[in-house]
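Novice: Sequence:
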Amino acid sequence: MIEKNATRILDQGGSMVRQSGRGRLLIVKGPDRGEAIAIAELTLTVGSGAGNDVLLSDPTISRRHLAIEPTPDGVMLRDLGSTNGSFVQGARFQELTLGFGTEVTIGQTTLKYVPSEEQLELAPSEEESYGSLAGRDPKLRKLFRLLADVAASDATVLIEGETGTGKELFAEEIHRHSARRGGPFVVFDCGAVPKELIESALFGHLRGSFTGAVTDRAGAFEEADGGTLFLDEIGELAPEVQPSLLRALDKRAVRPVGGTSYNQVSVRVVAATNRNLRAEIAAKRFREDLYYRLAVVRMHVPPLRERPDDVPLLVEHFSRQFAAGRELQVSKEELERLRHHAWPGNVRELRNVIERACALSHGTKLEIDEAFDERTGAQAGDAVNIDLPFKEAKAQLIDSFEREYIRAQLKRHEGNLSAAARAAEVDRKHFRELLRKHGLRESSE
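When we follow our numbering, the leftmost residue of the sequence shown carries the number 2, and every step to the right adds one.
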């Protein structure tokens with residue numbers, strides 16, 4: 002029952018990962034560290050003595066120490082009268098129902114409960130669009146094929162991707178192709194609401210519950226009842242609010258601020274982030290159990306620079322959208338220029354360039370050069386793009402800074418990643434994640 006050297010399956014660009022089965026217990030500390038206990042449909046016993054379903058080599062564990070019991074309400078651990086006891090967060094327990102991310106200590110061994118994950122790799126869709134989404138690259142067409150299966154379920158979805166990749170459009174298409182399409186699609190931006198007002202905005206409040214609460218108010222969960230709630234920028238959610246969101250997801254019920262009872266809601270949740278939530282978990286800024294609750298299905302939308310073959314298709318798509326019935330042509334040279342642009346703002350940036358080009362075009366030629374010249378921020382990395390909302394312009398500028406900074410550090414240190422990370426005073430693992438995020442190689446260019 003122990004999976005030797007078990008590792009998680011991580012998603013690459015354009016793939017989808019989903020949780021499956023009842024999960025497993027990773028051994029993160031102790032003599033058997035690195036192994037994992039696969040949880041089956043039958044009760045398993047864990048101990049250091051022969052005759053157990055799971056035999057561990059830690060001598061401080063009792064011969065029959067623990068039972069792992071699947072139940073309709075989740076996976077339960079029962080201490081079997083062990084000598085040294087079983088503990089969670091320093092407290093001894095006899096019975097415990099596990100939540101994903103929970104760590105349990107028995108003897109000198111620590112077990113962490115995580116979901117099993119499977120990576121779904123299907124052939125790319127033959128279609129180059131899915132609803133309002135368009136793409137020719139195989140990574141995106143794989144997502145088109147998978148979206149139909151995701152939409153048909155009611156599973157919670159986490160969409161990862163850089164700013165401007167179209168995460169909200171993916172969420173909208175999940176909703177439009179789901180059984181909930183007749184219900185509301187409510188967008189809640191976790192980074193746009195002051196942290197002292199987030200609970201009220203999410204769960205509602207009762208009159209008089211705080212200064213300024215002059216009437217009862219429904220929150221985003223109740224507004225989305227019968228439909229889909231899109232939690233944008235979930236990585237920005239204040240840590241003190243995360244437990245309340247976790248309870249709402251688990252209970253499918255919300256308690257308004259100032260209230261004493263819960264209101265049931267029927268809501269499908271789709272969340273999105275441009276942050277690396279695993280890094281946020283490591284930095285103690287995001288709850289691991291909330292991450293697992295959100296990432297029942299996890300999708301990664303690749304940035305535009307990783308799929309340059311999509312640029313001509315998107316140029317044609319946006320030209321039709323903004324040309325007001327005119328047929329505008331783009332030269333081969335200008336199209337190549339667009340294909341090789343870094344697009345720090347991704348599809349949203351390309352859309353803005355084509356919209357401006359259409360507005361500037363008077364004949365049959367799409368005025369790409371003029372659109373680039375007049376659009377601040379399209380050429381200069383230190384310019385501000387005032388065509389975008391404040392939040393998006395700020396994110397674009399930060400992305401541009403990150404890319405140029407790590408590229409320069411790597412070049413200065415002749416491709417030595419460790420030396421570049423030390424000079425930047427950034428953890429080596431995080432530095433590598435930034436390289437991957439911006440499509441850079443571990444060598445100077």
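Some clues are possibly wrong.
The list that follows gives simulated cross-link-like pairs (lysine-lysine, BS3-like), each with its CA atoms no further than 27 Å apart [what the hints assert, rightly or not]:
no., residue 1, residue 2
1, Lys430, Lys30
2, Lys285, Lys412
3, Lys285, Lys140
4, Lys285, Lys30
5, Lys113, Lys140
6, Lys113, Lys333
Pairwise CB distance ranges, derived in the manner of DEER restraints [stated by the list, open to error]:
no., residue 1, residue 2, range
7, Gly132, Ala193, 40 to 48 Å
8, Ala124, Phe94, 18 to 26 Å
9, Glu241, Ile387, 44 to 52 Å
10, Gln90, Arg413, 19 to 27 Å
11, Gln90, Ala51, 30 to 38 Å
Derived from the structure by calculation, the hints contain no laboratory data. On a predicted model such as this, the values are computed, not experimentally measured, just so you know. Virtual Cβ for every residue (Gly too), placed ideally from N, Cα, C.
Novice: Flag every earlier hint the structure violates by its number, smallest first.
Specialist: 2, 3, 5, 6, 7, 8, 9 and 10
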